[in-house]
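**Student:** Residue numbers (my numbering), protein chains in the order written: chain A, 11 to 454; chain B, 11 to 454; chain C, 2 to 165; chain D, 2 to 165.
Calculated directly from the structure, the hints in this document are not laboratory data. A portion of the hints provided could be inaccurate.
[To be verified] Listed next, the stretches of chain B that the computed footprint assigns to chain A, with coverage defined by at least 3 CB atoms under 8 Å from CB atoms of chain A:
| hint | stretch |
| --- | --- |
| 1 | 40-53 |
| 2 | 58-64 |
| 3 | 250-258 |
| 4 | 273-282 |
| 5 | 411-423 |
[Unchecked claim] Straight-line distance between alpha carbons at most 20 Å, and here's what the computed EDC-like set of lysine to aspartate or glutamate pairs gives:
| hint | chain 1 | residue 1 | chain 2 | residue 2 |
| --- | --- | --- | --- | --- |
| 6 | C | 140 | B | 99 |
| 7 | C | 140 | B | 102 |
| 8 | D | 140 | A | 375 |
| 9 | D | 140 | D | 44 |
| 10 | D | 19 | D | 31 |
| 11 | D | 140 | A | 116 |
| 12 | D | 140 | A | 357 |
| 13 | C | 140 | B | 116 |
| 14 | C | 19 | C | 52 |
| 15 | D | 19 | B | 385 |
Positions of the beta carbon are idealized from the N, C-alpha and C atoms, including for glycine.
One letter stands for each residue in the lines below.
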Amino acid sequence: MTDTLDRTGPADEHDVAPRTLGPAELAAVRADFPLLTRTVRDGRPLVYLDSGATSQKPEVVLDAEQDFYAQRNAAVHRGAHQLAEEATEAFETARHQVASFVGVADDELVWTSNATAGLNLVAYAMSNATLGRGGDAARRFALAPGDEIVVTEAEHHANLVPWQELAARTGATLRWLGVDDDGRIRADELATVVTDRTKVLAFTHASNVTGAITDVAPFVARAREVGALTVLDACQSVPHLPVDLPALGVDFAAFSGHKMLGPTGVGALYGRRELLEAMPPVTTGGSMVEVVTMESTTYAPPPRRFEAGTQMVSQAVGMGAAATYLAELGMDAVAAHERHLSGLLLDAVASVPGVRVIGPTENVDRLATVSFVVDGVHAHDVGQVLDDAGVAVRVGHHCAQPLHRRFGVAATARASAAVYTTDEEIAVFREALAGVRAFFGVGD
Amino acid sequence: MTDTLDRTGPADEHDVAPRTLGPAELAAVRADFPLLTRTVRDGRPLVYLDSGATSQKPEVVLDAEQDFYAQRNAAVHRGAHQLAEEATEAFETARHQVASFVGVADDELVWTSNATAGLNLVAYAMSNATLGRGGDAARRFALAPGDEIVVTEAEHHANLVPWQELAARTGATLRWLGVDDDGRIRADELATVVTDRTKVLAFTHASNVTGAITDVAPFVARAREVGALTVLDACQSVPHLPVDLPALGVDFAAFSGHKMLGPTGVGALYGRRELLEAMPPVTTGGSMVEVVTMESTTYAPPPRRFEAGTQMVSQAVGMGAAATYLAELGMDAVAAHERHLSGLLLDAVASVPGVRVIGPTENVDRLATVSFVVDGVHAHDVGQVLDDAGVAVRVGHHCAQPLHRRFGVAATARASAAVYTTDEEIAVFREALAGVRAFFGVGD
Amino acid sequence: MSTPMEQLYQQLILDHAKHPAHRGAQEAYDVEVHHVNPTCGDEVTLRVRLEPDASGAPVVGELTWTGQGCSISQASASVMSQAVAGVPVERALALSADFRELMDSRGVLPEKFDDDHLDEALEDAVAFVGVARYPARIKCALLGWAAMKDAVAQAAATTPEEGR
Amino acid sequence: MSTPMEQLYQQLILDHAKHPAHRGAQEAYDVEVHHVNPTCGDEVTLRVRLEPDASGAPVVGELTWTGQGCSISQASASVMSQAVAGVPVERALALSADFRELMDSRGVLPEKFDDDHLDEALEDAVAFVGVARYPARIKCALLGWAAMKDAVAQAAATTPEEGR
Ligand SMILES: Cc1ncc(COP(=O)(O)O)c(C=O)c1O
Ligand SMILES: Cc1ncc(COP(=O)(O)O)c(C=O)c1O
Ligand code: FES
Ligand code: FES
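The shape of chain A in the complex, shown without the other chains (with noise of 0.2 Å):
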């Protein structure tokens, strides 16, 4: 189908090769995982191909957290005793990690507890700044009937169901961009769907299903040109690709540290530093205050506004260290890892009959993700028989039910990879996935 297989190179030739992972250079990182040696379903070696979902965490990750707890445990930004500055001083430099991570300043990164929440917390400001809350300064996010919330069918319910219920709440209404056949956002109906009437243009940087990676450009220039506020679900890109934020100019981003070899319970949004000070809070209580009486209450400035309440500090460190350690590998190095994982992936399942890709079939501009359905047999079954050889993949409709409808189908299984991915693993998924439809006695 495609001739991509060892495409490790630049896409665009003009482009210096980037550095790519050695074998033995592979080999220290999958060292680096303690999970990645056990076994699954009577002593298999597992093929962990589940990256997209959550990702495994390296020891330096697990090491901090542990630190973190048995060493400085404390309440931070209270307290005067020398615990709760070093907690403190921990907690910051994560942020100052992360934040460096992404190429933006610490004080416009928010500390969520996942994507999800992130997401969530740009839609409730606004709906918040509808009902008057953070007064003049908050106006540019209030909304209106007649007003527009741009999305995509591309996206995961995570960035799609806020922006319904944002509507719901405030009357404005939700429309939406069309993905092509392989997936990928149609960037030409950018010109008529986003309009004067667009307020928010949300959409993804890659997608969960397909792989595909979004040309982030159009996507900001045009939102610029109407005013539009831009929301990047950055989820599945910032592991795997170099991002920076305000390069590509958008204006809020949002990712989760569980998917980037950090910890569960952790997440980020970024927001350009003039909207994070004019957005009125969210989530309310103690730690994001200055004068609270019972009467009424005033906010502490950004990023503190947003972080409610005793913060997952531990999360944040380990979320910094991971941070640290994919900045260590290069991110360059890591993407043209993957770049090359992605190729050896799409032959694979080019390479069994019967089986269709849900998403771009040529290995330019796409994670090493590939969703796909086999002919006859329901992915839940296939995930079943992959299990069964020790290869974890996902299987359903990953929280994108509308892409999924949009390509006729109720669910696919989906390999995704990370870093620590090698070749010998996606020769093993070939193997069990040219199985399956024997298994089943369907195909010939």
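Given the coordinates of chain A, work out where chains B, C and D with the ligands should sit on it, guided by the hints.
**Tutor:** Structure of chains B, C and D with the ligands alone, referenced to chain A:
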């Protein structure tokens, strides 16, 4: 002042004296907490009296998280592979551990990122209901101008500001119960402040400042009389007392993992089943939906309806381990030990001239949490001198500005104990406190 | 000894999945229900008509279903349809409870399913015991049963004993 | 060698805290500001009046403050008031920047604060070097300075060069 020293017996003479922790048992408990062995400020043994802010964590909690990441980390409730099954099992087992710790059914317990998020969840569900979300079933949660929300002057900002904001969003009016000179919520005002107009009564089970434990019964009785929902801030009670939420009869209750020997980044919201079933979702996204089209979405039953996106799985597992650890010690024994400590703390503070307690000075119905002011010395300066002696206390308003204003002080110092606190530590605290006024050249 | 996978996908299950019984959408029915398996989004739409037996007690009459799902769900709906067609409503609900028990068994056959105790209507259903070892698949096997239970209960509640 | 604690609470600081200079609320002022230390809730209210010097350039005239806070914050506001009273606005802002640098020093005296380079207006302010070792207290020491900077900048922006 009081003769409460060594008072470990029951407040009510008819009770059987509860088991407390013997010296060997306490030593064994302390050995479970790695951080307690560290030193601060040039080698002084740490005396950690800031458990009211956040507790330290026993090794079993760290191990539970470590084991989760190293052995069964995967996305839960998704995927057909063995890791996903094991992760789901660990996550739901943790739910059962925490739910049964407070006497509720598993499906009445919603994971949240902290208690603050749990309280906000209820407040936002109510404003969503007010905007028509959740349809007819949710109408009981809707508010209108004329409706009243009642809180108390003793609340942590987490149980005050969300209700102020809810009032601002819906046009409802915020009212409150005062506190008496001992810092106890004035239950005698229930009859006049809680009326037919009251739709919600939100109050704390135990104050993080005064340590006063609320007698919940009259609050619930009055709320039922007028048909108001009750929301209990159980942040400070669940870690220190046996708590049976259904027996208390409240409708909702929120608490945090990090205050009960568990990890940061996780908390729980209890809601009576029929209420959770009728409540519209707040944070929306993956894993909490049923059918999603571009136009609209239907939602899963509780508790999943309120758990959007990838959950804090590892932290839930840690919180489950913490609940199990406490349950194995026995909450009666924990409470008895802490009642003993409370007596010691009160005596320590009473023995130093120029020190005034904010809160009950009798060792009855109170936690081992003692806030105080030192004549002529600002709380932060008090804390600094204690810190120099290795004693970690918290200083400031403890996220309860109105309560401090009620007592005419801007800040207090607070010593708060937990199950691992010893008599000797309180003696060190006493001695350091005794030197404070001399250090600043005040008093005689 | 067969592997857990072979126990999961017993030949009987694969056969039912390939040639499901009672698939369709009958014209005449008392109740139609639509159930979704939230983990995967698969759905079943089931129609049922109750009929009075000789004594006037309600009996499951015509029952058909459509929908999409994995082989486990299709086979289970097929087996379910055959098990309850023509049996009294009460018995259909009891069979459903038995099947649920089988699913909760974690793969250890409950006594009521062994050869000596087995209700013959559940003969094919026993093949699903292997599913109970795979927690993520239990909802697949229950989907059709849950729909039937809901539909039959609704129909029984609205249809008076003396069938009109 | 003195301990970090002794360096934090130098005698000069304790003295200023006990007998703070410029405490009060003057009647005549160009600008009043109210600043809060969010970590503790302590507050300072500061009033300032600018006056033109001989050349007409604005100079900090009368300056008073009230508020509550810890000894560090009280002493620092006192030292700040003495440092800026009567100095040109630009110099007051420069002193404030210098003090901020001292606070960011983590306890290692920056060159501009050593004996050879020290601006004499900051003579007492050097005593605060010990604060920089205690991150939680830096905001205490900065509270008065931040209020002054804000007030003076506001006053300078609204008062034309030729003082009216
Ligand atoms: C009484 C009380 N309520 C609520 C909270 C808020 O808890 P968290 O910060 O874990 O959300 C706290 C702790 O800070 C508390 O002590
Ligand atoms: C593209 C995309 N967006 C959003 C999310 C939601 O992330 P989380 O579940 O961590 O909140 C995911 C992951 O599930 C995703 O893949
Ligand atoms: S996977 Fe959907 S019903 Fe089995
Ligand atoms: S503690 Fe409030 S200003 Fe120092």
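**Student:** A separate judgement is required for each hint: does it hold in the structure or not?
**Tutor:** Comparing the hints with the structure gives:
1. 40-53: holds (count 5)
2. 58-64: holds (count 4)
3. 250-258: violated (count 0)
4. 273-282: holds (count 4)
5. 411-423: holds (count 3)
6. 140(C) with 99(B): holds, 15 Å
7. 140(C) with 102(B): holds, 16 Å
8. 140(D) with 375(A): Not OK: residue 140(D) and residue 375(A) at ~48 Å, beyond 20 Å, violated.
9. 140(D) with 44(D): holds, 11 Å
10. 19(D) with 31(D): Cα-Cα ~28 Å, so violated.
11. 140(D) with 116(A): holds, 19 Å
12. 140(D) with 357(A): Distance ~59 Å between residue 140(D) and residue 357(A) Cα, so the pair is violated.
13. 140(C) with 116(B): holds, 18 Å
14. 19(C) with 52(C): violated, 30 Å
15. 19(D) with 385(B): Distance of about 14 Å is within 20 Å: holds.
Hint compliance for this structure: hints 3, 8, 10, 12, 14 are broken, all remaining hints hold.
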